[in-house]
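S.K.: The sequence shown begins at 115 in the working numbering and counts up by one.
Keep in mind that a hint or two might mislead.
Below, in silico cross-link-like pairs of lysine to any residue (SDA-like), each with a Cα-Cα straight-line distance of 20 angstroms or less [claimed, not checked]:
hint, residue 1, residue 2
1, K169, V187
2, K169, I232
3, K294, D245
Label pairs and their calculated CB-CB ranges [to be verified]:
hint, residue 1, residue 2, range
4, Q253, G203, 48 to 58 angstroms
5, V300, A246, 44 to 54 angstroms
6, G219, L289, 32 to 42 angstroms
7, A246, A188, 17 to 27 angstroms
8, N192, G165, 16 to 26 angstroms
9, P155, G219, 53 to 63 angstroms
10, V215, K298, 31 to 41 angstroms
11, N192, Q253, 43 to 53 angstroms
Source of the hints: derived by calculation from the structure; they are not laboratory data.
Cβ coordinates follow ideal geometry from the N, Cα and C atoms, glycine included.
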Amino acid sequence: MSVKLLERNLLHRASGLRLAFKTGPARATRFNSTTSPTDQPNWQEFLKLRGSRRKWQTVTTIPASVLGFLGGVAYFGNLETDPTKLIMGVDPFMFYGFCTVGCVGAGALIGPTIGSAIWRFSNRNSIALIDAREREFLQHIAKKRVDPTLQSPTNPIPDYYGEKIGSLHQYRQWLRDQGKYRRKHVLPEN
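Between the sequences and the hints, there should be enough to build the whole structure, so can you do that?
M.R.: What follows is the structure in structure tokens.
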């Protein structure tokens, strides 16, 4: 293949445009494995998908935490310990209890990752389009959110990353909250 043909193919794949090659009648062919830019979900559908992803992440956190607890109990409960020997200055049973709670925390951290993977697998046909819309959404969020230098530890910016936005109504409410916070801190009341 020539370099120009490779460049043209790369541009075709990167931009999602259909190119008509002049080797025969001017026509563009579509394969079933490709998607057109018009297939991109609208904002309502995207926010609904985003909400379903968040639900999957939340729902899988609970079983992952329970599995972490059961794994911690199974492992640390079967260790033979000498109660007269301290572990890092702590009673061994207390130490193993803290380690079991740590296993619960590890399960709670792994749960959203598992939920996100399951969600991505169930929506694998349109994941590239959803990711493109997600990047566009995050650019909107970054442009519209309050300057982080205005926040304080006692008064943080509400939903800085827009994680709780699941509908257009919630997005508009998020914009109002950001504007209210901005007015409150830029123009202090007398």
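S.K.: For the pair supplied as a hint, K169 and I232, is the alpha-carbon distance within the 20 angstroms limit?
M.R.: holds (11 angstroms)
S.K.: Does the beta carbon distance between G219 and L289 stay inside 32 to 42 angstroms, or does it fall outside?
M.R.: With Cβ atoms ~34 angstroms apart, the hint holds.
S.K.: Could you say whether the range 43 to 53 angstroms given as a hint is met by the Cβ separation of N192 and Q253?
M.R.: holds (51 angstroms)
S.K.: Is the straight-line distance between the alpha-carbon of K169 and that of V187 20 angstroms or less?
M.R.: violated (28 angstroms)
S.K.: Do Q253 and G203 keep their Cβ atoms within the hinted range of 48 to 58 angstroms?
M.R.: holds (51 angstroms)
S.K.: Please test the hint of 17 to 27 angstroms on the beta carbon pair from A246 and A188.
M.R.: violated (44 angstroms)
S.K.: Is it true that the C-beta distance of V215 to K298 lies inside 31 to 41 angstroms, as the hint says?
M.R.: holds (39 angstroms)
S.K.: Could you say whether the range 16 to 26 angstroms given as a hint is met by the Cβ separation of N192 and G165?
M.R.: This hint is violated: roughly 42 angstroms between Cβ atoms.
S.K.: Measure nothing beyond the straight line between the CA atoms of K294 and D245; if it is 20 angstroms or shorter, mark the hint as holding.
M.R.: violated (30 angstroms)
S.K.: Indicate whether the distance between the beta carbons of P155 and G219 respects the range 53 to 63 angstroms.
M.R.: Because 35 angstroms falls outside the window, the suggested range is violated.
S.K.: Can you tell me whether the CB distance of V300 to A246 sits inside 44 to 54 angstroms?
M.R.: Given range 44 to 54 angstroms: violated, Cβ gap about 33 angstroms.
The structure fails hints 1, 3, 5, 7, 8, 9 (numbered hints given earlier, in ascending order).
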